[in-house]
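J.: Sequence:
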Amino acid sequence: MNREDIIKLPKLDLHCHLDGSLSKVFLENTLGRNFTMEELSISMDCNSLVEYLEKFDVPLEAMNSRDNIKAATIDVMKSAADEGVRYIEIRFAPLLSVSGNVNTRDVIESVIEGLKLGSQTFNIHGNAICCAMTHHDIKDSMSMFKIAREYYGSGVAGLDLAGDEANHPIGEFKELFGFAKELGMNFTIHAGEAGPKSNIEGAIEYGAKRIGHGIAMRNDERLLKLAKDKSIGIEMCPISNYQTKAVGREDLYPYSDYIKKGILATINTDNRLVSNTSITKEILFLQDKSMINDEEIVKGIKNAIEVSFASDEIKEMLWKEC
10 MNREDIIKLP KLDLHCHLDG SLSKVFLENT LGRNFTMEEL SISMDCNSLV EYLEKFDVPL
70 EAMNSRDNIK AATIDVMKSA ADEGVRYIEI RFAPLLSVSG NVNTRDVIES VIEGLKLGSQ
130 TFNIHGNAIC CAMTHHDIKD SMSMFKIARE YYGSGVAGLD LAGDEANHPI GEFKELFGFA
190 KELGMNFTIH AGEAGPKSNI EGAIEYGAKR IGHGIAMRND ERLLKLAKDK SIGIEMCPIS
250 NYQTKAVGRE DLYPYSDYIK KGILATINTD NRLVSNTSIT KEILFLQDKS MINDEEIVKG
310 IKNAIEVSFA SDEIKEMLWK EC
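If you're matching positions, the sequence shown starts at 10 in my numbering and goes up one per residue.
There's no promise every hint is true.
Unchecked claim - Derived DSSO-like pairs: lysine-lysine, alpha-carbon spacing no greater than 30 Å straight-line:
1) Lys269 <-> Lys290
2) Lys206 <-> Lys298
3) Lys254 <-> Lys311
4) Lys324 <-> Lys234
5) Lys237 <-> Lys298
6) Lys311 <-> Lys329
7) Lys237 <-> Lys290
8) Lys298 <-> Lys234
9) Lys64 <-> Lys254
10) Lys298 <-> Lys87
11) Lys290 <-> Lys125
12) Lys237 <-> Lys269
13) Lys218 <-> Lys290
14) Lys269 <-> Lys254
15) Lys308 <-> Lys206
16) Lys206 <-> Lys234
17) Lys218 <-> Lys269
18) Lys311 <-> Lys239
19) Lys270 <-> Lys329
20) Lys155 <-> Lys206
21) Lys308 <-> Lys254
22) Lys125 <-> Lys311
23) Lys269 <-> Lys239
What the hints assert, rightly or not - Beta-carbon label-pair distances, calculated as ranges:
24) Ser74 <-> Ser240: 33 to 43 Å
25) Asp297 <-> Glu184: 37 to 47 Å
26) Arg42 <-> Pro178: 35 to 45 Å
Read the hints as simulated data drawn from the structure, not as lab findings.
Beta carbons: idealized from backbone N, C-alpha and C, even for Gly.
Start from the sequences and build out the full structure, keeping to the hints where you can.
T.: Written out as structure tokens, the structure reads:
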């Protein structure tokens, strides 16, 4: 399957951070200054997730008003649609954009407005996932979840936990995701990217329907079987996983192995700008390393439809296109 064939596929992106996926043009127009790609994106020489996360300062600077947050969402929808993505779940941390002029509700509503306009304009469907951050106070995150619940099924499709996983083990968030279950909301959790496999096991125990990255379980047959038996979606992001050193430079990426084991693995971008990527680039990256075949490309798309937080109506549409 060549690049043109991959672009034509009806792709999904289930793990895409809003702030890390803004285009260079959007940031320059919004902030009124020029940037080099070196300033905005990370290379394969990145040493860690902590270093990777430093690239988010500039995008967050641009997400400082309702209009800018709405426009940012539309910008990401356009980038995804341009490469043939038909459904995207854009995740963002509302509390990171709260200021004197913008509250949590404003941030969530602005993203939803951007999703609606982006969908109408670019022939792509989308939902939002609201992220708690590991460094935020649990009570503040619970308050954010409660507001997000008001928009559940009307633009917000789920919840997430992101941030410095290595220094914040999953046990710190038992109360938070107990609350998420009480709210009756779908949620995914970043786990096993920079942290141990115990974070993945804890996330599954708390009721996560999907795991962000899930790299740390690659050699644990018991945990792999648990993920398979519980039909847990694994949101894999190859390029960023190599950049953050979740996967060593010379290591084999585990996507193909997960697929062979019957795990619902999917291919995603993580951060389109910070990793300078797209779904197409992610697939070509694995293809160039002989770590994926055509069947596994299509299987990942089908897995993404199955584990997405999309409505039944949108899933039915995607199945027909697949």
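J.: Next, verify each hint and record whether it holds.
T.: Hint-by-hint comparison with the structure:
Proposed proximity of Lys269 and Lys290 is supported: the alpha carbons are some 22 Å apart, at most 30 Å. Under the criterion of a C-alpha separation no larger than 30 Å, the hint pairing Lys206 with Lys298 is consistent with the structure, at around 25 Å. Under the criterion of a C-alpha separation no larger than 30 Å, the hint pairing Lys254 with Lys311 is consistent with the structure, at around 28 Å. The hinted pair formed by Lys324 and Lys234 meets the criterion: a straight-line CA distance of about 26 Å does not exceed 30 Å.
Simply put, Lys237 and Lys298 have alpha-carbon atoms about 26 Å apart, close enough for the 30 Å limit, and the pair holds. With a C-alpha separation of about 11 Å, the suggested pairing of Lys311 with Lys329 holds against the 30 Å cut-off. At most 30 Å may separate the alpha-carbon atoms for a hinted pair to count; Lys237 and Lys290 meet this at roughly 27 Å. At roughly 26 Å between alpha-carbon atoms, Lys298 and Lys234 fall within 30 Å of each other, so this suggested pair holds.
As the CA atoms of Lys64 and Lys254 are separated by approximately 16 Å, the hinted pair is consistent with the 30 Å bound. Note on Lys298 and Lys87: the hinted pairing holds, with a Cα-Cα distance of about 29 Å set against a maximum of 30 Å. Distance hint between Lys290 and Lys125 is fulfilled; the C-alpha atoms sit about 26 Å from each other, no more than 30 Å. Annotation: proposed proximity of Lys237 to Lys269 holds, straight-line Cα distance about 11 Å (limit 30 Å).
Between Lys218 and Lys290, the direct Cα distance comes to roughly 26 Å. Compliance with the 30 Å bound is thereby established for this hinted pair. Taken as a hint, the Lys269 and Lys254 pair is honoured in the structure, with Cα atoms around 24 Å apart against an allowance of 30 Å. Pair hint Lys308 plus Lys206 holds up; C-alpha atoms about 25 Å apart against a cutoff of 30 Å. At most 30 Å may separate the alpha-carbon atoms for a hinted pair to count; Lys206 and Lys234 meet this at roughly 13 Å.
Distance hint between Lys218 and Lys269 is fulfilled; the C-alpha atoms sit about 20 Å from each other, no more than 30 Å. Pair hint Lys311 plus Lys239 holds up; C-alpha atoms about 17 Å apart against a cutoff of 30 Å. A threshold of 30 Å between alpha carbons decides the hint, and for Lys270 with Lys329 the separation of about 26 Å falls inside it, so the pair holds. Annotation: proposed proximity of Lys155 to Lys206 holds, straight-line Cα distance about 29 Å (limit 30 Å).
At roughly 26 Å between alpha-carbon atoms, Lys308 and Lys254 fall within 30 Å of each other, so this suggested pair holds. A hinted pair counts as satisfied when its Cα atoms are at most 30 Å apart, and Lys125 with Lys311 qualifies at roughly 24 Å. Only pairs whose Cα atoms come within 30 Å are accepted, and Lys269 paired with Lys239 is accepted, the gap being roughly 16 Å. Between Ser74 and Ser240 the Cβ separation comes to about 40 Å, which falls inside the hinted range of 33 to 43 Å.
Between Asp297 and Glu184 the Cβ separation comes to about 44 Å, which falls inside the hinted range of 37 to 47 Å. The beta-carbon spacing between Arg42 and Pro178, approximately 39 Å, falls within the hinted interval of 35 to 45 Å.
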